[in-house]
Amino acid sequence: MTEPVAEALARALAGLVEGEVRALDEITLLIPGERIVEALELAKAQGFVLLADLTAVDRHPEEPRFEVVYLLTSIEPPARVRLKVRVVSPEEAVPTAVPVFAGANWLEREVYDMFGIRFAEHPDLKRILMPDDWEGYPLRKDFPLVEEPVQFFGHVPKVPSEIIPKTPRPS
Amino acid sequence: MAAQGPGVAVTRPDASRPLGMTMSRAGSPHQATDADADALQRSILTTTVERLLGWARSNSIWPVQFGLACCAIEMISTAQSRFDIARFGSELFRASPRQADLMIVSGRVSQKMAPVIKHIYEQMLDPKWVIAMGDCASCAGVFNNYALVQGVDKLIPVDVYVAGCPPRPEALLYGFTKLQELIAAGPPARRPR
Amino acid sequence: MNELTRETLVLNMGPHHPSTHGVLRLIVELEGELVLGTEPVIGYLHTGFEKEMETRTYHQNIVFPPRIEYLATMIEEHAYVLAVEKLLGIRPPARAEVIRIMMAELSRIASHLVWLGTSAVDVNVSSLLMYCFNDRERILDILEMVSGQRMMHGYMRIGGLQWDLPDGFEQAVRAVIDDMPGRLEEYERLLGDNLIWRKRTEGIAVLNADDALRYGCTGPVLRGSGVGYDVRRAFPYGGYDEYEFEVPLGRAGDAYDRYLVRMEEMRQSCRIIRQALERLEPGPVLVDDRKVALPPRRELVRSMEAVIHQFKLVSEGIRPPVGEVYSAVESPRGEKGYYIVSDGSNRPSRVRVRSASFNNLQALPVMVFRNQVADIVVAIASIDIVLGDVDR
Chain A
1 MTEPVAEALA RALAGLVEGE VRALDEITLL IPGERIVEAL ELAKAQGFVL LADLTAVDRH
61 PEEPRFEVVY LLTSIEPPAR VRLKVRVVSP EEAVPTAVPV FAGANWLERE VYDMFGIRFA
121 EHPDLKRILM PDDWEGYPLR KDFPLVEEPV QFFGHVPKVP SEIIPKTPRP S
Chain B
1001 MAAQGPGVAV TRPDASRPLG MTMSRAGSPH QATDADADAL QRSILTTTVE RLLGWARSNS
1061 IWPVQFGLAC CAIEMISTAQ SRFDIARFGS ELFRASPRQA DLMIVSGRVS QKMAPVIKHI
1121 YEQMLDPKWV IAMGDCASCA GVFNNYALVQ GVDKLIPVDV YVAGCPPRPE ALLYGFTKLQ
1181 ELIAAGPPAR RPR
Chain C
2001 MNELTRETLV LNMGPHHPST HGVLRLIVEL EGELVLGTEP VIGYLHTGFE KEMETRTYHQ
2061 NIVFPPRIEY LATMIEEHAY VLAVEKLLGI RPPARAEVIR IMMAELSRIA SHLVWLGTSA
2121 VDVNVSSLLM YCFNDRERIL DILEMVSGQR MMHGYMRIGG LQWDLPDGFE QAVRAVIDDM
2181 PGRLEEYERL LGDNLIWRKR TEGIAVLNAD DALRYGCTGP VLRGSGVGYD VRRAFPYGGY
2241 DEYEFEVPLG RAGDAYDRYL VRMEEMRQSC RIIRQALERL EPGPVLVDDR KVALPPRREL
2301 VRSMEAVIHQ FKLVSEGIRP PVGEVYSAVE SPRGEKGYYI VSDGSNRPSR VRVRSASFNN
2361 LQALPVMVFR NQVADIVVAI ASIDIVLGDV DR
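Protein chains in written order, with my numbering: chain A, 1 to 171; chain B, 1001 to 1193; chain C, 2001 to 2392.
Treat the hints as calculated values from the structure; they're not laboratory data. The C-beta atom is built at its ideal place from N, Cα and C for all residues, glycine as well. Just to be clear, a hint being listed does not mean it is correct.
[To be verified] Not everything, but these chain A residues come out facing chain B in the computed CB check (under 10 Å): (1) 129; (2) 147; (3) 148; (4) 150; (5) 160.
Between the sequences and the hints, there should be enough to build the whole structure, so can you do that?
Okay, here's the thing in structure tokens:
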């Protein structure tokens, strides 16, 4: 059961939304990339004044591969809504949310740093957590964890992430 | 026994008289042996100055304020009134590396921080020591990944490793006293084996 | 006359700096003593938590959260465990919830004591650091009594707690909680009307409510500016809706207001702990669902099913349904949220740590604009950042 103000936002954005997911008391709206700024402005006008989080998910091997996730919070009355933008290739830039929420500045830099997704017209898109000359985008699924094997004598230990191997996904 | 080669007849070092004068079998400094070095150490004058320096250095180690992550909080706790590190001589944690003897690397060393640590270590004046406090500084601890240097001993020489995540203040103090013993024993104790 | 030129000075503070509360680098542009611009450079403590948590099972991942925000360790564990429980759709037993709230509030007081001590030492009231850490040691003793570890506890489990409280817990907690208001009053007498403290913090590092919301600030930074958003009130979790407590608000959004907000929060935490002690009823501390929580050891002797469940949980781990969840708690710094995406396997596909300090630190340039250089230190102290939280 999601909050009425979140429902109101879903209705207000109905023209923009490509898809909707409701699970676990949370509402997720799928927005096409070109219209995300419009959606954010509408949400802000409807009372979702806090951009709690801006992150990305690498859904490899599913397509489209990346998703940029915006989490908006309304303070009075309290409600949460999630907006998602599907990104097929990271070179195609997502419009930046900085004009709407100034806090998106560092959050988008982090998404660029970790996933390589560019944001069009971002004031200062450069790496934020990794060193400036780092190559590669760490949180992508094809970037390895880079585990250093530990030297033991007479025994080849498993690297820590292989101690409990990953079970196959349910099909 | 007959004297062999040039030199004076030797008397074997008498274990019951550790402060006796001993003469080396060697004819020149190039022929000096380990036994000669030990014997030299046991003679009164050199040992006393070394021991004095060792005592002074080990009892007034001033660490540089170098807290990185969670271990830094335990390091601060060690410096506070319950686990008082000041009673061991570290009255002050110096902010400037030029005024400090000890670098307690307390916390995980990330890729971005590695050149900074090297820089600060190089700015410290000799003699200087390093305690790798915690699992992350010793061997990157729980984090075997791209973002961390796997142990600070890949960057700087470490004298004492203190295990724990984070090590209790008592553990850090134990490592600290081990370092004090190391310092008091003088430079030969740190000679590579 | 020759024309006088004005140049600004670019100064580098950190990453190794006694007052930046960790490895934070600031590139400050100064005109004389006046700060014209600040650029925080972060990433010096980036540990790759999010990637690391993608390579471990949900249970193995409990190890990581306390190392992210290492001052409020129980609250971090609470945040992660609540997110996974929400994904699974389970709720721990009532006793576990009460104990979790007690541990979280004790962690909150401990974290605020560190903030108070280090802020005071930044303004050169050095003795307060000793007193605050002394009080913190008493709280850490309780946390150690309960979990075995002073800091990285690993006490909370998905579905409850590792084990029940030890004997003597209630006396120990009451001893600390009954003392705490008196100690807080001492600290307030030292700082509250102190001319030096007030001159250093009043009107300094002002952040108005609009800016705070624009930058996504939460916690005492947002409440000091007058916006009443506390996750415990707005989106109650873990049983918080049954407790009476107030959420202190500031007005001016300066460092002094944030100080007042945090001092009052410590008092309210004591109040919550007292209520929790009243609510403590005997009962189990781990949920009964054998697909999620390990069976008690004595059952392993009797039941083959228990052995199989134990084997499955240890060798494979839990496998939540496909989906995603966002669950947040109120950490001493603000909203600490976990956004977990599950693909149905025993490892999370994505764990996003919404850290409070990352967003709060973005507001620093706005806070110190046209303040003096010495106020940068006070501003950083009043935001109360934890670099592990910022860099993850």
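Cross-check of the supplied hints:
1. 129: Since chain B brings a Cβ to about 8 Å from residue 129 of chain A, closer than 10 Å, the hint holds.
2. 147: 5 Å, holds
3. 148: 5 Å, holds
4. 150: 8 Å, holds
5. 160: Given a least distance of 6 Å, the restraint on residue 160 of chain A holds.
When held up to the earlier numbered hints, the structure conflicts with none and fits them all.
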